[in-house]
Amino acid sequence: MNAKNVYTIGLLALLGLGFGQTAQGQTTTRDSLMKAIPVRSDNDLNRSAPRPIAYGLQPAWQVTSALSTVSGDELRKNFTTNLGNTLFGRIPGLTVMQSGGEPGNDSPGLLARGINTFGPGRGLLIMVDGYESSYEQLVPDEIESVSLLKDASATAIYGLRGANGVLLITTKRGADSPLVVKFSTQQGFHTAARLPQFLGSYDYARLYNEGLRNDGKAPLYTEADLEAYRTGSDPYFRPNVNWYDQVLKKTAPIANYNLNFKGGNSSVRYFVMLNAITSNGLLINAGDLADESINSTYSRFNFRSNVDINLTKRLSASLTLGGSVEDKSNPAGTTTGDVFNALQTLPPNAFPVYNANGTFGGTSALANPLANLLQTGQYTSNGRTLQTTLRFTEQLDFITSGLTASVAASFNNFFRSFSNKTKTYERFSISKGLAGDTVYTRFGQNTSLVGNETESDQYRNVVFQGFLNYDKTVGRHGISAMLMYNSDSYTNTDNATSAVESLPYKHLGVGGRLTYTNDSRYIGEFSFGYMGSEAFPKTNRFGFFPAASVGWIASNEDFLKNSRLITYLKLRASYGLSGNDQIGGSRFMYEARFPYTAAYNLGTNNTQVFGLAEANNNPDVSWEKERKLNIGLELTLANRLNIGLDIFNQNRYDILAAPNSTVPQYIGVALPLLNQGEVTNNGFEATLRYTSKPTAAFQYMVEASGWYAQNRIVNNSEAIRLYEYQYTTGRPIGQPFGLEALGLFRDQADIAASPRQIFAPVQPGDVKYKDQNGDGVIDQNDTRPIGNTSVPTVTVGLHSRFQYKGFDLDFLFQGVTGRTTYFGGSVFQGFQNNGKVGPIALNRWTPETAATATYPRLSASNNLNNFLFSDYWQRDGSFIKLRSLELGYTFTSQLISRVKLNNARLFVNGTNLFSLDRMDGYVDPEVGSGYPPLRTVSAGLRLQL
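In terms of our numbering, the sequence shown opens at residue 145 and continues consecutively.
Hints may be right or wrong, so weigh each one.
[As the list claims (entries may be wrong)] The following label-pair restraints were derived from C-beta to C-beta distances:
(1) Asn636 - Asp432: 16 to 24 Å
(2) Phe445 - Gly1065: 35 to 43 Å
(3) Glu599 - Phe1013: 34 to 42 Å
(4) Glu758 - Asp601: 32 to 40 Å
(5) Glu538 - Ala848: 41 to 49 Å
(6) Ala995 - Leu1085: 54 to 62 Å
These aren't lab readings, by the way, just hints derived from the structure by calculation.
The beta carbon of each residue, even a glycine, is placed where N, CA and C say it ideally should be.
Let the hints inform the model, and build the full structure from the sequences given.
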């Protein structure tokens, strides 16, 4: 090894670097994957370029399984602190469900091809560089690609863990090239995409009086009260407080800095990255206003070092090292849930923010949201993530050419510590004294900060793997094969409530793949996984999961070789079995256990006494199994138009369900969970991509994509129902059941002529429900399927990119349909649980508006009839959102060469800019309560040396 190489290795060692594995744990040589293939490629899709698959890479033309991939560079178009929130609409088949916008607490839900089980384990298996790991803390600048594996051919090798789909995340690696240094900075600000709307004190008071009159009670607010609310003339005794304005900022800053190095030679290749991101929350800067509080902030520092070294002619080594350190702080709680709950319920006239003497307003039952931020303490957390893998690969050409062997060990660890310092404060309710003076009634008391440093979360994952890979081409015949051994141990103490739950989760198994190609036209592949888990009995611990796929590149046949229209055509199909071991129920369900949970009330004092009870066990418990069928087509027309289509059918069975259909509930025993449930899921995915000529001055790309998935419960062993319409069998998973509303009662005669509603005495203007069984009574027997679930059945995306000279424009629209939202909670249910009232109530029923009203009559008490779960409050949850928009300018080489730059680009970016939906501006269609989704606008600079 020459002096230059020694110097390079030494420099990397000083930076704390190591040797990294190749993408997804593959051991096939990159040269063999990049061999020239006699398949014509279109402008943007290189058919011979490698694509990530399970534990390896394959040339794109050779892939016969269903997978979709997006590059890390595309994900940079969404400026957010959580990687999951960059995936909206970018990967066909991947449903992303937003959960809120709080920085550091905004992980979305991910589903592959919809929902396939009514059991609790629906999440994807996330693999980072070939090993299970968290992914939200990664940043797009360190990611090469994100791939979704969807069919059995792609997931069978993951054994009893792949049925829900697998998300492969591959990080960037070095290259045999001169050193390339890239730096970028992006500065922007957040705003709330949409906040709930509520009426002020004047409208609140007059509508509350109307509700009291409808309830047969005297009004609470006088004309003088109403006038004072209207004019704001008495801000202390008749306040009008917009608590959102008091507690939230209009904007909050976000910033990102990235520095990476990439390069190498034939001996050493490296990729090194440092990244820092900071994001302030929308809460006011409470720490600047009160010494005992803290500002709402989130920051994270990421580092990565992926290095590959050829130790000898045949032996290579790599170490992937990545990690992050994140800090989060909030006033008033570890998360902001309680803050936003208070904002959505506290009436605007409950009390002033500050009383006349400068004390905080409040009552015994209602706390002051602003005082909660300033006077209840500070909550901080620090999280550390480390992902590292060591791998050695030996070329075994002395046995036979194309044979390699490798071994790897991986350790992934996450730890988060909490520091919570709490206190209480005093608040005062005010009233008028006999002499007209102000009387202050105190609630609570001021205390000092009390610290709690005992809470923490931790998980760790240790994996050992061994691989044998073979890759050989003889004439027109190509064979590649992989055989692997995998052992992993996963320990999660985040939510463990017992010693049993904190025990490691383990998997042990082998897997393999054999691919045969003939004349670059015919492809056949067989893959399998054989895996076991400690969660199942020894007699039923391991399972075999085979899959097969075939492909035909018709465009390489003689009858299409010279076609100018059809420049690429591939047909493929796959079928196989995969499993899901996230089945729910108690841990080690196969064991007979006697927990100390039985409770009896004994003696003259009716004292509760606990004792042992026999737990429900299933000695034959097994994992869920799924048969997957996929048929796909890839077509390129005239080297410009790319079409992709996949049709799939998935049948999940052996889902855990209690045998309620065969054992009557009046027996009075808790039934064990048995593997007897079944669900089917069908759908399709389609993409259409059109690109400009590569020589055109004006470059563009327009891509439309859409995917559909609809499931149906075949069997869940549910209890016998009185009426056919009450069964969940035959319906989608999570199908809402409620009352069917017929509108509002017109008058007393309408009430007298209608079936009796038992929930509460009804009046004109109340919601009228349909009698489903014709018994003349409206009760729970009249609930039936209403609306759709909250998970969309159809997702569409429109991604376009335009470039002219130095200017470029990129945008992504995402839309969904086939989902239902629900108008519930204080935003829509006026005065319920002493809450607020929203502008939706302005169109309430009154005798004068009976013909046009869309909201029931007002009631100042909890109305047990009007706000029942019914389709009256359901809305179409479809929406179209502009997920990203970026406009940039790349400087010409003549301008930047003077400052020794190879590339320089300025850009402005927008994320989640607007939404077209049917929520009438009340709430966001994805997040109806809590921390709102964020709209981000930013500007940035990227430099390359």
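Now the hints, each set against the structure:
1. Remark: the range hint 16 to 24 Å for Asn636 to Asp432 is contradicted by a beta-carbon distance near 37 Å.
2. Between Phe445 and Gly1065 the Cβ separation comes to about 39 Å, which falls inside the hinted range of 35 to 43 Å.
3. Range check, Glu599 to Phe1013: about 36 Å between beta-carbon atoms, so the 34 to 42 Å window is met.
4. Checked against the hint of 32 to 40 Å, the pair Glu758 and Asp601 passes, with Cβ atoms roughly 33 Å apart.
5. Remark: the range hint 41 to 49 Å for Glu538 to Ala848 is upheld by a beta-carbon distance near 47 Å.
6. In this structure the supplied range 54 to 62 Å holds for Ala995 paired with Leu1085, their Cβ-Cβ distance being about 60 Å.
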